[in-house]
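Given only the sequences and the hints, what does the whole structure look like? Please build it.
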Amino acid sequence: MIYPTILAGGSGTRLWPLSRKMFPKQFLSFSSERTMLQETLTRLDGLDAAEVMMICSEEHRFIAAEQLRQMGHLDHNIILEPIGKNTAPAIAVAAMKAMQSNSDAVLLVMAADHVIDDCSEFHRAISAAEALANDGYLVTFGVVPTAPETGYGYIRRGDSLSIDAFRVADFVEKPDLETAECYLEGGEHYWNSGMFMFKASRYLEELREYSPEIYSACDAAFQNINEDLDFVRIGADEFSRCPSDSIDYAVMEKTNSAVVVPMSAGWSDVGSWSALWEIGEKDSFGNVVSGDVILEQSSDTYVYSESQLVATLGVNDLVIVQTKDAILVADKGKVQDVKHLVARIKDGGRNEHNLHREVYRPWGKYDSVDSGDRYQVKRITVKPGEKLSVQMHHHRAEHWIVVAGTAKVTIEGVSKLVSENESVYIPIGHVHSLENPGKIPLDLIEVQSGSYLGEDDIVRMEDRYGRA
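Residue numbers 1 to 468, in my numbering, belong to the letters of the sequence shown in order.
Hints listed in this document are in silico derivations from the structure and should not be mistaken for laboratory results.
Note that this is a predicted model, so its numbers are computed, not measured.
Hints may be right or wrong, so weigh each one.
[As the list claims (entries may be wrong)] Taking lysine-lysine pairs in the DSSO-like style, the calculated list, with each CA pair at most 30 Å apart, reads:
1. 324 with 282
2. 387 with 21
3. 346 with 21
4. 174 with 339
5. 365 with 408
6. 387 with 174
7. 174 with 21
8. 282 with 346
9. 174 with 254
10. 174 with 332
11. 346 with 324
12. 332 with 21
13. 334 with 282
14. 21 with 334
15. 324 with 174
16. 383 with 365
17. 387 with 416
18. 365 with 439
The following block contains the structure:
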């Protein structure tokens, strides 16, 4: 049986300011109501497959869980990496987990942040790959190139195994334009999609053969496995000693069992804003827009507005992205260098690379509306039935005003219900908690005041999400 395995790591610097370290692109929506992760899940519909396994970082666990829950795929199936170690160790842990259920499990390894337009072609390639995987091959999916792309690695095919598959001759690093044009003309090279299919047992055999240190560290970490809510945790100390390496370097470039299945499925790894422009629906002037946008005498431009009107006049070949706390204006040909801007933001001690103004939590979300000397204002939304941790603050007091729903507020052990248009005050040092006992979302305005307003001034006594 196929065991879909979704890799959802990554820091998301190339699509800043929409993508942030704490909210990278796989959790964002660009061209539909579903996020990229949710589109990846939808792509599996129609396959005879087990429930998906997902691998992500500790800091993204609650975002991932909520998005899986919304799609009906949350079932104690999120494997948490204590620290990012690249793809080879992540897939090893997934293989070990799959083999707990089925010694003949076939992994279908996918990234959470890719676009595939033609699902029927994708499923055809999966069917071809599954037969090869059951025969012991390690299959990678090669995308038939449509342009001399310099931003992708390539796979050169070797001898034919069937009408649908070839032995892998070489994995090739990202080429220069002249080389990429030769690849396109020659017809023997495919874009490296970063997707794979193989028996879990065969992958572990090859990993143990060619990268024994990775195998040993992952095996030791997996011996210390435990479940926490919807998450599967592995031994942090053991995993921290694992070498960091990609599956390409650790296994695929060394094994004699690598094969490539070509596909033409409208694939993109959405690695830049220009890639989103390329796959987007364009108007008659070549513009791609999302949100509240007005264009005048503008062409070949990508404009994304999150929360405000964005108007352009007489511009060409630009990328303009507006979020609540940042605006990017870039030459479309320079967007691969957005990472340099992100590095400068980080080096300058700012936080716009890390978090959005709107921050998601397991109980809901908050939006930092305003701040100044000794005060901060947030709009807080608590999902029905959810509860924030029992906590206290050393340096700030809080004033909560309920604007929708009903809050159950507990201060120093005394509980009360606070309804719409009512408020409550929490003095500095008082132990308190906030809960939504109702059936609709609870919205409230929180006004913090004090000498220090950082998120690290939270002392948690109890927490249903394991953060105490």
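When you check the alpha-carbon spacing of residue 174 and residue 332, does it fall within 30 Å?
Distance ~20 Å between residue 174 and residue 332 Cα, so the pair holds.
Holds or violated: are the alpha carbons of residue 387 and residue 174 at most 30 Å from each other?
The given pair, whose Cα atoms are some 48 Å apart, is violated under the 30 Å limit.
Run the distance test for residue 383 versus residue 365: straight-line Cα separation, threshold 30 Å.
This hinted pair holds, its Cα atoms lying about 9 Å apart.
Given the hint that residue 387 pairs with residue 416, does the C-alpha gap stay at or below 30 Å?
Holds, at about 14 Å.
Hinted pair residue 387 and residue 21, Cα distance within 30 Å:
Distance ~25 Å between residue 387 and residue 21 Cα, so the pair holds.
Checking one constraint from the list: CA of residue 324 to CA of residue 282, max 30 Å. Satisfied?
holds, 25 Å
Starting from residue 174, check that the Cα of residue 21 is at most 30 Å away, please.
The hint holds at about 25 Å.
For residue 365 and residue 439, compute the direct alpha-carbon distance and say whether it is at most 30 Å.
holds, 17 Å
Hinted pair, alpha-carbon criterion (30 Å max): residue 324, residue 174. Please report holds or violated.
With a Cα-Cα distance of about 35 Å, the restraint between residue 324 and residue 174 is violated, given a limit of 30 Å.
Given pair status - residue 324, residue 346, alpha carbons within 30 Å
Holds, because 18 Å separates the two Cα atoms, which is no more than 30 Å.
Just to be careful, I want the Cα atoms of residue 334 and residue 282 compared with a cutoff of 30 Å; is the pair within it?
The given pair, whose Cα atoms are some 20 Å apart, holds under the 30 Å limit.
Would you mind confirming whether the straight-line C-alpha gap from residue 174 to residue 254 stays at or under 30 Å?
Holds, at about 19 Å.
This entry does not satisfy hints 6, 8, 15, going by the numbered hints stated previously.
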